[in-house]
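**Student:** Once you have looked at the hints, place chain Z on chain R.
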Amino acid sequence: MSDLVSKNLNMIFESPKGETVHALKDISFSLKKGELLTVLGPSGCGKTTLLNIAAGFLRPTSGSITLTGKEIDGPGVERGMVFQQGALFEWLTVNENVNFGLRMKNEDPITTAKKVGEWLDIVGLKGFGDTPTYQLSGGMQQRVALARCLINDPDLILMDEPLGALDALTREKMQSLVLKIWKETGKTIILITHSVEEALLLGEKLYVMAPRPGRIHKEYKLPFALMGLDGDLREIKDKKDFVSKREEILTMIWDMEEEIMGKEI
Amino acid sequence: MITRIFTLLIIVAVIGAILYGRRLIKTEKNDAVFGNPERAKGGTHWVIVGSCFLMFSWLYYSWDIAKSLYPDSANELCQVAKVNESLLSLKYLFPIEERQHKSTAIIKRENINIKKYIVEIQNSPDLENQDKEIFISLLNKTQLMIPTLTEEKYLETDIKHVINGLTNRIKQLTVSFPKDSYPPALSEEEENKRIEALKKQKGWGATGMEVPPLPETKTGLKFHKAAEELNSISDEFFEIRNHNTEYLRHSQEIFAEIKEYKNGLDDDQELEKTYIKEIKKLVRRIDYASIFPPNALDEMEESIRDFDVVQKEEQGAIRIKDVLLFPGGTIVNSGPTCAEDGPGRWLPKPSDTFRIFGELLRPSVGFKMIPMIWYEMMDVSKIVGFFLPDWIADILPGKYPVHNSAGKVEPNFKSKVLDIVTGEFKAFKIPVPTGHIWDSFLRVFLGLSLGIIFGIPLGIFMGLNRFAKGFFDPLVELYRPVPPLAWAPLIITVFGIDNVGKVFLLFMVSFSIMIISARAGASGTQLSKIHAAHSLGASRWQILRHVIFPNSLPEILTGIRVAVGMCWGTLVAAEFLAGTTGIGFVENVARKYMQYEVIWITIFVMGMLGLLFDITLRKIINKTIPWHGKG
Chain R
1 MSDLVSKNLN MIFESPKGET VHALKDISFS LKKGELLTVL GPSGCGKTTL LNIAAGFLRP
61 TSGSITLTGK EIDGPGVERG MVFQQGALFE WLTVNENVNF GLRMKNEDPI TTAKKVGEWL
121 DIVGLKGFGD TPTYQLSGGM QQRVALARCL INDPDLILMD EPLGALDALT REKMQSLVLK
181 IWKETGKTII LITHSVEEAL LLGEKLYVMA PRPGRIHKEY KLPFALMGLD GDLREIKDKK
241 DFVSKREEIL TMIWDMEEEI MGKEI
Chain Z
1 MITRIFTLLI IVAVIGAILY GRRLIKTEKN DAVFGNPERA KGGTHWVIVG SCFLMFSWLY
61 YSWDIAKSLY PDSANELCQV AKVNESLLSL KYLFPIEERQ HKSTAIIKRE NINIKKYIVE
121 IQNSPDLENQ DKEIFISLLN KTQLMIPTLT EEKYLETDIK HVINGLTNRI KQLTVSFPKD
181 SYPPALSEEE ENKRIEALKK QKGWGATGME VPPLPETKTG LKFHKAAEEL NSISDEFFEI
241 RNHNTEYLRH SQEIFAEIKE YKNGLDDDQE LEKTYIKEIK KLVRRIDYAS IFPPNALDEM
301 EESIRDFDVV QKEEQGAIRI KDVLLFPGGT IVNSGPTCAE DGPGRWLPKP SDTFRIFGEL
361 LRPSVGFKMI PMIWYEMMDV SKIVGFFLPD WIADILPGKY PVHNSAGKVE PNFKSKVLDI
421 VTGEFKAFKI PVPTGHIWDS FLRVFLGLSL GIIFGIPLGI FMGLNRFAKG FFDPLVELYR
481 PVPPLAWAPL IITVFGIDNV GKVFLLFMVS FSIMIISARA GASGTQLSKI HAAHSLGASR
541 WQILRHVIFP NSLPEILTGI RVAVGMCWGT LVAAEFLAGT TGIGFVENVA RKYMQYEVIW
601 ITIFVMGMLG LLFDITLRKI INKTIPWHGK G
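From first to last, the protein sequence lines stand for chains R and Z.
Sequential numbering of the first sequence, starting at 1, is according to the working numbering.
Sequential numbering of the second sequence, starting at 1, is according to the working numbering.
So here's chain R without its partners, still in its complex pose (with noise of 0.2 Å):
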């Protein structure tokens, strides 16, 4: 069964001058429970707009979108996000900023704090619960900011740019772990990226996005996050099959890119 569905999605922003911009137009896709879809495009795409309508932060102008058959409208506990910048609150510690959730549900402490624990040692945050947020580092605090997520056992994780701000190689171990929380936890993950190599690698499902409107240009289907689970990453990257897919995709990004360019030339 579909899980998350998306039917003729249209979002159409108007600016104060009254021009109005088509950020996305007819966007149809279900994914289904347990997949892990990568959204790849150039800026302006509407791959942020896509994501906060899923998360419930914006509503479609026109379209449905449906978790679970139920449809979204508004924020909730059930679709977890996780930020470019991780967005913690940094007045409260590594263990406050991840049973925030719980907290708020008002659960029991004893066994959030025993939650907390184990999500700390999913994420290699062992030993910093009590570290002021604002202390760590940014790989150290996108580990917090999935743990947050997690602990909320979301039907749906909703990551926007997550690693987009660390260095290789922080990145690199975390792309390793975000394939180990899709395996271990099974979850929906929608994860947007603007890196051509990761999207490829951890895309279970891709769709290159296209501006101007908004909509999904192309769909792939890859084997790449499946094997990404029990080998290296870095052999993957090597692969012939990674390497042509990932030149066709960058070719057709760059096109996209020099049509915009042309066009406000």
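Quick caveat, the hints were computed from the structure, so don't treat them as lab data.
One or more of the hints may lead you astray.
Said to hold, decoys possible - Chain Z is faced by these chain R residues, among others (derived, beta-carbon under 10 Å):
no., residue
1, Gly34
2, Val77
3, Gln84
4, Phe89
Think of the CB as a built atom: it goes at the ideal place given N, C-alpha and C, for glycine as much as any other residue.
**Tutor:** Chain Z only, in chain R's frame:
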């Protein structure tokens, strides 16, 4: 004594610190690069030098060093000032400190005046010719009268004798002044009187008197007596006039003519009246002036010059003390009033300041019968009565007791409750702080707290809600830009000069600041944090409480810090305007009575309290928002 030791300590500390600093520079390696910020770190010894320098300046410029080293110097300088003043009136007649003789100056001036009047009268279109003639003839006669004063032959022998006598007295003084025997001993009775008066005299710097005027030392007495003698000489001299018979003939004739002409004038002849009055004034001026023939006073001038030289020599060490230890001014300038003319007046001496500060701090003395800061025992009932509103008793069922036929009032439950809420019962006493400093502190505290309590919620509300922002913005923006003190007269009139008015004024100050800072904090919350909280399942209230509020804390705390400074400044000024307690009130009263020590003490106390507020807040800020600026 303490001042002397203290001055010595300061000098020792400065020398020691400088030597230590030099040694440190020698042992430290030279930097390869200029401008290394590390080089600005440390340096406690330079802090010592800086503080000592400041302290020394205070001691020196307030003339406290002079006071401690030579306690008599001010009194002696005051006597010198008396001599200077007395001499000045005599010197003034001659070209000693002036350019010309007094007589020359007067004659020159009045000749110019006569010429000016003649030209003016001749050219006047409104005067009739016959009047013009009379005026001009009068003026010419006046001019002719002047030589009768300056002609050697008219000078009368009597006057010559008087002048000679006075000259001899000055000469006599010049001779005897430097001698040890001067002044001649007083009779026993007079001496006792003098000593008695001296005993009543307060010391230098004592309250109400800057420099004691009566001479306390032998040198002082010498100058004091000389000044008395000079005063009597100049008094006698200024009584004599060179009104010889020839002069009198002229002047009486002129005055008679003036009188006759005046009597012949009608009431409406305003212009003529004005002119004749002016002419009469001119003649009177010459009449009053001490005009003598050119060389008649030469001998007197010489004797005054001689005495001046002698008295300056006699000043000796006093002059050196005056130059070295009384920077920025001197007591001599003040003349016989014996005041401190210079920083000694407005810069209180540290010794006096600390003594008065100590006295002000004593709870039994205080200022205007109110201690600076102390405690008083207050019955708990009063506090309870203040905090519990009276209507608690009113809303209870039943009625208040009515007196019975026996003329007694039986209390019931309702009246007993009333007694409690109005504080009319006996309980134990607890100490509560009181005094000027406490009052000021409490006002700031209350005004600020009210501002915080009402300002933060409204500010956050305005930061999140279009209606609140639009509705309250005009109100806040209308009153906020007005300087708080501009509101003070109105607020004090409406709410009274006591605590309520001031607290309300401070509330207004802190309220607007808190609104603006809380609003900036709330509206500056990153959307992603709110989104995150939303998708973690937080409710609206939880987001407000756990995300928006802590996120605005840095702005709010900065706002509080600003508000404290503003409140403190406004309060002191408001206490200047009206009130009966408070540190600003103390300063204002001290200003009226020119108690410079108290003024400086209040300035110091205010500075310390302001610093205390700021340090406390800085500590709180560092504790509560350690993440600030590190995100």
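**Student:** Run the structure past the numbered hints and jot down the numbers of the failing ones, going up.
**Tutor:** Those not satisfied come down to hint 1.
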